[in-house]
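Asks: Got chain A; can you put chain B on it based on the hints?
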Amino acid sequence: MDSQSRAFESSAEPALLSAGTPLSCPRTMPVQALTPRTPASVIGALFTALFALPRALVLAPAVISRSRRA
Amino acid sequence: MPDLDSGVAPRRWLYLFLVVASTVAAVTQMLGVLQEGGLTLREGAILLLFAILFAWIASSFWLTLFGAFARLTKTNVMPLKPPSGVSAARTAILMPIYNEDVSRVFSGVRAIWESAGSDFDFYILSDSTNPAQWVAEEMEWQKLKTALDAANIFYRHRTRNIGRKAGNIQDFCENWGQLYDYMVILDADSLMTGKTLAHLVGLMDANPRAALIQAPAQIVGRHSLFARIQQFSSSVYGPIHTAGLAWLQGADGNYWGHNAIIRVHAFMQYCGLPRLPGKPPFGGEIMSHDFVEAALLRRAGWDVWMAPDIGGSFEEPPPTISDYLLRDRRWCQGNLQHLRIVFARGLTLPSRLHLAMGIMSYVASPLWLLLLIVSGIEMLNYAPAPGAGFIGTEPSLALAVSYAAELGVLVLATLVLLYGPKILAMIVLLEDAEATRAHGGTGAVIMSVIFESLFSTLFAPIVMLQHSWYILSILLGISTGWSSQHRGDRALPLGFIARGFAAHTVIGIVATAVLWNTGAFGWYVPLLAGLWLAIPLVLVTSSPLLGRWTRSESLFLTPAETRGLKVLDRAHALAGSHEELSADARQLVLDDAGVRELHLSLLAGTPAPEDRTRLWALREQAARRDTSRFSREDWALLLSDAESLKALGSIG
Chain A
1 MDSQSRAFES SAEPALLSAG TPLSCPRTMP VQALTPRTPA SVIGALFTAL FALPRALVLA
61 PAVISRSRRA
Chain B
1 MPDLDSGVAP RRWLYLFLVV ASTVAAVTQM LGVLQEGGLT LREGAILLLF AILFAWIASS
61 FWLTLFGAFA RLTKTNVMPL KPPSGVSAAR TAILMPIYNE DVSRVFSGVR AIWESAGSDF
121 DFYILSDSTN PAQWVAEEME WQKLKTALDA ANIFYRHRTR NIGRKAGNIQ DFCENWGQLY
181 DYMVILDADS LMTGKTLAHL VGLMDANPRA ALIQAPAQIV GRHSLFARIQ QFSSSVYGPI
241 HTAGLAWLQG ADGNYWGHNA IIRVHAFMQY CGLPRLPGKP PFGGEIMSHD FVEAALLRRA
301 GWDVWMAPDI GGSFEEPPPT ISDYLLRDRR WCQGNLQHLR IVFARGLTLP SRLHLAMGIM
361 SYVASPLWLL LLIVSGIEML NYAPAPGAGF IGTEPSLALA VSYAAELGVL VLATLVLLYG
421 PKILAMIVLL EDAEATRAHG GTGAVIMSVI FESLFSTLFA PIVMLQHSWY ILSILLGIST
481 GWSSQHRGDR ALPLGFIARG FAAHTVIGIV ATAVLWNTGA FGWYVPLLAG LWLAIPLVLV
541 TSSPLLGRWT RSESLFLTPA ETRGLKVLDR AHALAGSHEE LSADARQLVL DDAGVRELHL
601 SLLAGTPAPE DRTRLWALRE QAARRDTSRF SREDWALLLS DAESLKALGS IG
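The listed protein sequences correspond, in order, to chains A and B.
Under the working numbering, the residues of the first sequence are numbered 1 to 70, in order.
Under the working numbering, the residues of the second sequence are numbered 1 to 652, in order.
Source of the hints: derived by calculation from the structure; they are not laboratory data.
Check the hints yourself; a few may be wrong.
Said to hold, decoys possible - Cβ-Cβ distance ranges computed for the label pairs, FRET-style:
| hint | chain 1 | residue 1 | chain 2 | residue 2 | range |
| --- | --- | --- | --- | --- | --- |
| 1 | A | Thr35 | B | Ala573 | 47 to 53 Å |
| 2 | B | Thr512 | A | Thr35 | 45 to 51 Å |
| 3 | A | Phe51 | B | Gln178 | 43 to 49 Å |
| 4 | A | Leu46 | B | Gln35 | 27 to 33 Å |
| 5 | A | Leu23 | B | Glu114 | 25 to 31 Å |
Unchecked claim - Some chain A residues well away from chain B (every beta-carbon gap over 10 Å; in silico):
| hint | residue |
| --- | --- |
| 6 | Leu46 |
| 7 | Phe47 |
| 8 | Thr48 |
| 9 | Leu50 |
| 10 | Phe51 |
The beta carbon of each residue, even a glycine, is placed where N, CA and C say it ideally should be.
Looking at chain A on its own, in the form it has when it is part of the complex:
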């Protein structure tokens, strides 16, 4: 939205005032997903974190040094 372009607009069109609101400018809000994690996915995520952290700490430097040698 370009707010600068509307800096000089009046806040509402006088002819529409009796309607209570400005003219509608419809656009729907997409509904967001709030899918709960299943117990299995929570355990899976925990395991992933459990393995991902040591791998990131221990293995990542080795991977980097190998790629450098190559």
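Replies: Same frame as chain A, now just chain B:
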């Protein structure tokens, strides 16, 4: 773009360490007491409940300690870039209302409008289901627009309240959201100064990653004793709490539903709330939408901040304990519903913590009650194990092992955690001579903190029982409706209070009878006292007269009272001079051409009701001016149909 608050991670680790370390220390101490002769199942339960509750109060204590430190060292807890220059952004100020006191709503809007000038567009978004209030709102809106000659105050009424308050805001966004860069959400009792509103807009302009900035509302403006105690607590204890929170959460902030500015396009893109599967209380529309919206914005990568030092943001407290607990019933259900959301995919860990802490603020009560019950049973069955005393190698008289010292340390630690934040807040306040004077001076502040602590000690067990009942009723599937809040001062009648709080008193008396002969009765007295005194406590604290008397005695004074608050005083003056309608507002739509014309112009574009048969019958009766037996629903139906009203107008 660089991270605005890179130092937040070490602070969080330190905070976590302090909470865990203090809990581990307390649990170890408790374990030493309980494990004498082996840990029974009951003792295990006591230990578990103790650990959870201790961690809960420790988390609050350390939070306020962080806040006190930040205040005393004058640390900037909100590292946002400051506003620069005049904003060209368009901002809408939204006040969603639902069967609220019309004079209060429009006085508040007018006071804010006068403070903010014409830089903002105001939207009164009505979901009122009471037809008389609906028409009265329309008339007040027209009166206000005429009085201010303001083209930027709008009014919209929804005949179907889809999605409650969140749905009301969504309806605004879907119809007019694209016209605005930002929106400021207010509650029906919110007040904000023009300076604060302009500052919030400037902060949003200067920080394009920020989707939401919460301006913590200071509670002000009521006169009952209960309200004045809350206002004092908010004014004295609030600053270190919000400073601690802001300092620890950084850009992972939360949204408290009102007195916040929101970037409209971020909100529209990421805050469309789904209906939760299943029936209420756990399924259906999301009741406490604010925490969820903040979590969704964070999930999408937007920043959510709190601005604890911004000032100029106010709301009014519930006037009585009864009103406070009634509001809590709705909040309790809303927060428990978050059990369905806390594990939703993709949310950030701090967002999950916000949701979990909201849940815990209610679940703590039944856990505490359970701890008291289990420890009470333990006391009833307690037989001191004889200790082995020796004089040299000869066994001496058997003596009971005493754990008074260990228990004393635990009680002392608990007291520090519960009352320490109050003392810390008082110290921070007393460091500031100007602020101390605004609260009535050093003596007044100290006396007020002592009396407030006494009150909160008596009040806590009442809240515990009430919250426990709420949770039980919610688990039994009893859903709360959507009732409007009572916001005005009123002394509650004794009969009403007795009906509401007799159960608390009876439970207190029964618990006293059961525990009387145990050696631990003395430990329970501070808790039982709140229950014994529940009825007189509610009665006394609901009194506006006592509220005014304590004010004359310099107790619970706040800067809003000692120095005045322009926007609040103006709103009160306007509400005080408000003229009530002498006629039935609904009937005026039929009898007064001007009111009917206004109502019809505001109905324009609203779909006609579907129940045409009933509508015809109502129309016939209204044509004969036979409306005395009309129900609320009948009036709502008739007033929603432009065609019928036009026809009735032409007859009249």
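Asks: Which hint numbers does the structure go against, in order from smallest to largest?
Replies: When the structure is compared with the hints, none of them turns out to be violated.
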